[in-house]
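Using the sequences provided together with the hints, build the complete structure.
In the numbering used here, the protein residues as written are -4 to 260.
Because the hints were derived from the structure by calculation, they are not lab data. Beta carbons: idealized from backbone N, C-alpha and C, even for Gly. Errors might be hidden in some of the hints.
To be verified - Within a straight-line C-alpha distance of at most 20 Å, the following computed EDC-like cross-link-like pairs (lysine to aspartate or glutamate) qualify:
1. 115 x 194
2. 115 x 127
3. -2 x 151
To be verified - Label-pair distances were calculated between CB atoms; the ranges are:
4. 163 x 122: 17 to 25 Å
5. 119 x 219: 36 to 44 Å
6. 127 x 103: 15 to 23 Å
7. 98 x 126: 20 to 28 Å
8. 105 x 219: 18 to 26 Å
9. -4 x 203: 43 to 51 Å
10. 51 x 105: 32 to 40 Å
11. 39 x 98: 40 to 48 Å
12. 121 x 17: 21 to 29 Å
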Amino acid sequence: MPKVSVIIPCFNQGGYLDEAVNSVLAQTYSDFEIIIVNDGSTDVASNDLLSDYRRPQCRVLLTNNQGLAAARNNGIRAAKGEFILPLDADDRIGPDYLHEAVRILDADPKVGIVYCEAEKFGAQAGRWRLPEFSLRKMLFSNLIFCSAVFRRADWEQVGGYRTNMKSGWEDWDFWLSVLELGREVVKLQQTLFFYRVKEASMIKAMDREVRIAMHHQLIYNHWKLYHAQALPVLRLYHKIMDSSIYRWLKAMNLTRLAANLWVRK
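Right, dumping it as structure tokens:
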């Protein structure tokens, strides 16, 4: 059986899929499988491509459109690997990513999530500057992109990706579930993940009310974690973000200094 299963959901992204698959096939670590989940694509190009997709180490699952979280769950259920890497159909990974992630996960059973430095490409290019991981910071902002490597056993224990995150943030929610198991996080210092930025994704932004509702859903899903760590501060955070004083501080470039007084603790 393969050690790693790479899960690639695809909804109308057939034009990018070969790039993602090629980046996996170019890995220096060879003990993997690729499961592509055609999540009810409606465009002719994607369906034509996936109807007879013959690439090494690849399988294709065809499902009705159920959304990203369900597509990942469907792929993982069909997977045989001990470790899982979700990869969006329009992104890419560097050739040493699986090798380095497996090395870390095999060496330390306490580690549950391995990710890396990242770059953006496409409509926007350059280093993706992610803050260093801390649990407190993670409660307020997702510090881990979707394509981190994790243990299938942990996915089973937490019940997979929650499908009640209707407007997004299913990755953030899942990482919090894994952290609730007491797992540790390791960030590789190599740049091994490449995130495609499209013109449409630069324009699209989550509405403020939707964002607040989604954060409330995160708190509901992980209420013990938030209650212990951050609920009082989160209330203050939203109050401050809406204040005229905050806007003045932001204009004076003083907000980062104030925020770091808490998150560095």
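Violations among the numbered hints: Every hint satisfied by this model.
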